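Undergrad: Using the sequences and the hints, build the whole thing.
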Amino acid sequence: MAESHGGGCCPPMDLMRSEPMQLVQVIVPMESAHLTVSYLGDLGLLQFKDLNSEKSPFQRTYAAQIKRCGEMARKIRFFKDQMSKAGVSPKLILEKGIDIDFDDVEVKLDELESELVEINANNDKLQRSYNELVEYKLLLDKAGEFFASAHRSATAQQSEIESQQEGEDTLESPLLQEDKSIDATKQVKLGFLTGLVPREKSMVFERILFRATRGNIFIRQSVIEESVVDPNSGEKAEKNVFVVFYSGERAKSKILKICEAFGANRYPFSEELGRQSQMMTEVSGRLAELKTTISAGLDQRNILLETIGDQFEQWNHKVRKEKAIYHTLNMLSLDVTKKCLVGEGWSPVFAATQIQDALQRAAVDSNSQVGSILQVLRTKEMPPTFFRTNKFTTAFQEIVDAYGVAKYQEANPTVFTIVTFPFLFAVMFGDWGHGICILLATMYLILREKKFSSQKLGDIMEMAFGGRYVIFMMSLFSIYTGLIYNEFFSIPYPLFASSAYDCRDTACSEATTIGLIKTRDTYPFGVDPVWHGTRSELPFLNSLKMKMSILLGVAQMNLGIMMSFFNAKFFKSAVNIWFQFVPQMIFLNCLFGYLSVLIIIKWCTGSQADLYHVMIYMFLSPMDDLGENQLFPNQKIVQLTFLFLALVSVPWMLLPKPFILKKQHEARHEGQAYAQLDETDESLQVETNGGGHGHEEFEFSEIFVHQLIHTIEFVLGAVSNTASYLRLWALSLAHSELSSVFYEKVLLMAWGFNNIFILIIGILVFIFATVGVLLVMETLSAFLHALRLHWVEYQNKFYEGDGYKFAPFTFTLVGNEDE
Amino acid sequence: MGFLVTTLIFIVVGIIAALCARICCNKGPSTNLLHLTLVMTATVCCWMMWAIVYIAQMNPLIVPILSETE
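Sequences listed follow chains A and B, in order. With the working numbering applied, the first sequence covers 1 to 819. With the working numbering applied, the second sequence covers 1 to 70.
In case anyone wonders, no lab produced these hints; they're calculated from the structure. Honestly, I wouldn't trust all of these hints.
Said to hold, decoys possible - In silico DSS-like pairs for lysine-lysine, Cα to Cα no more than 25 Å straight-line:
(1) A:LYS569 to A:LYS805
(2) B:LYS27 to A:LYS391
(3) A:LYS450 to B:LYS27
(4) A:LYS407 to A:LYS380
Quick caveat, the model's predicted, so the values are computed rather than measured.
TA: Following this line, the structure appears as structure tokens:
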């Protein structure tokens, strides 16, 4: 199918077919290229084709610019990270008009980044010194305690020994004396090391020290109660203070190495009390200093971050916009000889003047000598599909697009879906009480539209808000069908007149055995209220709803086939009308249309004919007499006729179309072959053309198989799709049964106890069950099934849905990237 | 009798709704046609549902049999 040659059959209708699209070529001088793309992005009505698709990203014209933008985007991400860590939030854009220069932004970002990195490094260093000093202070405390107590016990011991020495006779215990004497000259010089070690490694540390030095050390550890921030890792850890006494240089080096391996920080410590207290005051002083310095540093950083935050959103937006512009510029091909860029793209026909305007404005604003040129190209490619939707129709169009985007200019199912989708939902949901609840919920969403559309909502809320108009329609139709089914939270009300049924006699003796009879006129609007709670309610409602489903289904399927007729008319394809539309209508209506008519006749006459029997034996033994299943005179002849027509229509839709298409194709290309015989120097080309049937392929077998599949799908689908509509009955039954169970078994039972607490609990359970099961789950369920009925049973009668959506270059989407 | 009257009522309501749509949102012929289509479809759907339920109750084959408990 080449360009659109449609129209003329019916007056044009909004949303029915895609906007006519055209392929345009834009020739832009180099100096106004950037501005042109920027204005076209603001306009948002041109979808650029990538003319440089064979080139790698590095070979493209503007690769360097994209790298610049990438760098700036990285810096912006870094800022955002730092801001969120520090708890500073960026200011939202209030003014849109101010245009900032791209190069300025780049320079500023550079400056700010280096400043921020420097401040961060300084802060880290200061923090580390602070932590070390804190550890040192703790060590001074604990080790000081230890040394003091050791000193005390040592002096106590010494004075004891001295007193013992004085009190004893030197002759009586000469050997002991020697042992006990503390010979100053023989005293070994002990060195010691102090530090902190993580608590979980302390036992292993001690053991390894012991083994490495062959037991020639003395180690004391003391626990620090509160956790300390480790200077290296910056995290809190439990530590112990340790003191190691050793003798000899080799032992010292071993101990040093082991300390390093265990990450134990060592600090100098002196034995004398005087030095200790001096160190203590020094450290405390330095700690206080550092604290003020660090807080000053943090303040400075926060000020810097706030200045960044003021301009953050603007810069962010600008960088993203520039990146998008350069990506688009990369798609244009460079015409070196003419010093200009050539771009191709799809745009709607109505937008041609707007694009011209944008091009002119850009040429003027960039002070270029030459203007830009816009010209329309002719092509056989299939254009993208573009529907102009407003906030109401967007949701419905998205529902249809989710199944498949319409082919260019084919009939859009959305037009009827706007009404039939909420209607079929309501047939499955019918309860006017529930409908009112959903209406209130969706009115809240609609009245707060402006506020919600500027906020960022969660996933589920976003979906519910996006579909607010769909849900609104669904609730309106639900109220209507609820009135028809006469269910208000499953309670019927005689709103329009009194019930049509009455007792057979004044005593009402047979009400529970044979039942009431219909004395007055039919209840004028909906189901008679007397039915609820009766023993024969289900047989009656089931029969009613099943027949209703069949009638609605046949109606919708006929509408689908009519849409295919409109398509055939639009694309001027007589083959499709006579050899597809007509046999399809005959087949569907001779069988299921006839069934629908029988249903209506049975209802109108009150006959007791068994319709299952009638339909099945119409196929099995069509020549038999109908007997008591006769609904109208000459029924047998009518049935035979319909059966014959249905059987004839199957080969009618299968066989002629492929042959006719083949003849059409040959007729089209016969002319070409004859024309080329005249040119003798292209005789070679004639053969290749004849062999390949020109640039259009025509495989007869493929067309035939395609038609065969289409026919089988339609014929078998007629039965299965009609039966599929019975889900309308099934879900409406489920809904009314659930609703009735919740009412009777929860609310009425709670009422029966005559206790206020049980009543309140019962009401709460009723409310939660109604909202959770009926208003949420049943809504989703009926939504899904109505959707399936549209996507499969309705759309497979006419919809091809293999187009692609129009995705213009626009800046409104730029804001939502990488979030 | 009641059937014809109510069908007429549906037709009248449909015409009124179409006129209201034309009066309050008159935005060009193609848009007007879309609105008219929507109103007509809605009227036809609603009428069909009402008609089916009404005709089904005109000559009933099953009668309500009240249950034992009152």
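Undergrad: All the hints need checking, so say for each whether the structure fits it.
TA: Status of the hints after comparison with the structure:
1. A:LYS569 to A:LYS805: holds, 24 Å
2. B:LYS27 to A:LYS391: holds, 16 Å
3. A:LYS450 to B:LYS27: Answer holds: A:LYS450 to B:LYS27 is near 24 Å, not above 25 Å.
4. A:LYS407 to A:LYS380: holds, 14 Å
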